[in-house]
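A.B. asks: The primary structure of each chain is shown beneath.
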Amino acid sequence: MTDAQILLAALLTPLLSAVLIACFLRCRGTLASYVSVAAAAAICAFSYLAIQACEAGPVRAAVDWLQFGNFTVSMGFLFDGEAATMLAMVAFVGLLIHIFSLGYMSEDKSKGRFFAGLSIFMFSMVGIILADNLIMIFVFWELVGFSSYMLIGHYLDTDEAAAASKKAFIVNRIGDLGFLVGIVYAYWHFGTTNLEAMGAAVNADPSLISWVIAALLMCGFIGKSAQFPLHVWLPDAMAGPTPVSALIHAATMVAAGVYFLIRITFLFPESVLGGIAILGTSVAVYAGFCAYGQNDIKKILAYSTLSQLGYMSAAFGLGYPGVALFHLITHAFFKALLFLGAGSIIHGCHHEQDIFKMGGMLKKMPITSITFFIGVLALCGFGIAGVGFAGYYSKDAILIGSLVKENTLIFALLLGGAFLTAGYMGRLFWIAFLGQPKSEAAENAHESPLTMLIPLVALAVLSVAGGVLDLWPQGLGENIKAGMKHLHHADTDHAAAHTVHLWAMVAWIVGLVGSFFFYGVGKNGDALQNRAKPVYEFLKARLWFDEIYGFYVAKIQQRVAVLLSFLDIFLIKGLFVRGSAGLVGLVGACSRSLVVGNIHGYVYWFLAGILLLWALAAGVAL
Amino acid sequence: MTVGLNAFLIVAGLLFAVGLLGVTLRQNTLVIYMSLELMLNAVNLAFVAFSRYNGTMDGNLFVFFIITVAAAEVALGLAIIVALFRRRQSVMVDQLNALSH
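Chains H and Z are the protein sequences, given in the same order.
Using our numbering, the final residue of the first sequence is 622, and nothing's skipped along the way.
Using our numbering, the final residue of the second sequence is 1101, and nothing's skipped along the way.
It is possible that some hints are incorrect.
Unchecked claim - Restraint ranges, calculated between C-beta atoms of paired labels, are given here:
#1 Thr1002(Z) / Ala618(H): 30 to 38 Å
#2 Ala618(H) / Phe1065(Z): 38 to 46 Å
#3 Thr1002(Z) / Val595(H): 31 to 39 Å
#4 Phe1065(Z) / Gly601(H): 24 to 32 Å
#5 Val595(H) / Met1092(Z): 13 to 21 Å
#6 Ala1079(Z) / Gly574(H): 52 to 60 Å
#7 Leu583(H) / Gly1013(Z): 22 to 30 Å
Derived by calculation from the structure, the hints in this document are not laboratory data.
All figures in this text were calculated on a predicted structure; none of them were measured in a lab.
Note that the Cβ used here is the ideal one computed from N, Cα and C, for glycine as well.
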């Protein structure tokens, strides 16, 4: 097999699996799940081969897809270092989540639909990773949106899931509109949408960089990665099955927005980068606060995901795409672990998601709890003196970056975000895992089957060791290593690194210990709610974004729509369409009344005609 | 006693008026048909009278044409009326209104 064929195989295997399940295996869920897992394993194998092949240099292959006059849409692969790193993560984490789903969804009635959805998602995600031009990225971008819609709405008989899937889809369309306009503008501006060709054009003439294109393409990222102001769909998306939340709404799809930015880094001028940095930082802090007002374990993790996506975009905005990719990868490891751990608990507690109804999980589900705690530590950035879990390396790198750029405000906010992260994760862990079971469901909790524990352990290992770049396989993460080196090249940077190591350590210790004492072990109620109800209510309200959007849609957009509908019905439909038809009908009715069917009637008309003719000829009636 | 042109024309006018009234007022198709012929013959009478008083043959010539055409027309029209009666068992105009909407 040539390199391009290996990539094609990695792309098409999940599609084949999805088609197979959709056409033949809908009613045979167990077989469908094995097909889907086999496809995920095949992606893993092909990715391994592709990464081996990529070591010699980027793999490029393209075919023309559509041709209109002199405009050609091509489909092609650009498999370089970034794509290899991302593909390795998606393939591996994806496989683990597929295996986890075997256990988690074993009782589900529509397994076929679920696993077909996972496969079509893997196909779309691999497509985004490999795509070599903006149009192809957009095609697969919409496909992941579709699979996300389909999987959020998996429990389609609940109103919550139906509404959440619709919300996710519609909010994403808003961002994608900007993306689409950006693609058209980029084509008009550069004459191509090929990533490498645009990069070469920008390199040759930096004045070609346009902030408009960058800002428009950024809209797609804002929608997909759930950044402010389109972040509202992600917490609601937790209505889907937990493996979906882990795969799509934590590890891969939402991170695809960041990956997309990294692919088109060269298009971004300083002004837009600065905007992204501020945007990301504010989301990181905002989502951190929101997490304190949530009691649903998955919603807390969803806000944590928002916050970490904010960190990634802050890193990108500060000018460190390599570091952003690093945090993306480590975040995928520990956030997938946290979601799968949450899924394992939800599975064990018979779909109880409220952390105040859990408690005592450490005794009931020890392996899940320990791996979950590892995930918590990795997310909080647990580490001392340069050695730590995965999140420690990547988050510290982002903080160092903000100090190196001498952006004290962003540094302070991101550090505050780190405090918040440790605090809400501590709250979650102390309340849900320690103490005594606080509901019957938690009382009867049992450890999950092996298919669910193996992915947890594997992800726990990655969350511990995934941050040590020296341990990564050859050929992966070259951009990340370069980005990290870039951070540590001056003496002042070393000073910054020391500052960050110290402060980050203080952040996670204070966050975890503070939440331990504030919230207490396995308490029944939320301490913040009991002691400072207004503050809690304020955090729970999440700055009223959903209400504001709801008001806008119901009171403003709806009224404009009603007005337009009235104009449509009254003016276009009523006056123009019905009016002209009515006029013709009236003429018809009048002339039809002349057809009396009585010969005398015609005689009178004849006589009248003769009289008129005579009068005209005689000049009487003029 | 010499009969003047006006007398002929008055008779022709009266005949025409009778024919016209018959066409417009009578219900029986056959009577309407006869009234039509009456109108044609009123015109014929006027033509002949004009021709006689002007001493030319133009009017007489016209009359021959009219009689010929009228004969053909009557043959056709009566055939239609007979066919109509066979089909509908009536020749009354008020019952022949199938074309009204």
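A.B. asks: Take the hints in turn and mark each one as holding or not.
C.D. replies: Structure-based check of each hint:
no. : hint                               : in the structure
1   : Thr1002(Z) / Ala618(H): 30 to 38 Å : holds (34 Å)
2   : Ala618(H) / Phe1065(Z): 38 to 46 Å : violated (27 Å)
3   : Thr1002(Z) / Val595(H): 31 to 39 Å : violated (52 Å)
4   : Phe1065(Z) / Gly601(H): 24 to 32 Å : holds (31 Å)
5   : Val595(H) / Met1092(Z): 13 to 21 Å : holds (20 Å)
6   : Ala1079(Z) / Gly574(H): 52 to 60 Å : holds (55 Å)
7   : Leu583(H) / Gly1013(Z): 22 to 30 Å : violated (46 Å)
Checked against the numbered hints given earlier, this structure breaks hints 2, 3 and 7; the rest are met.
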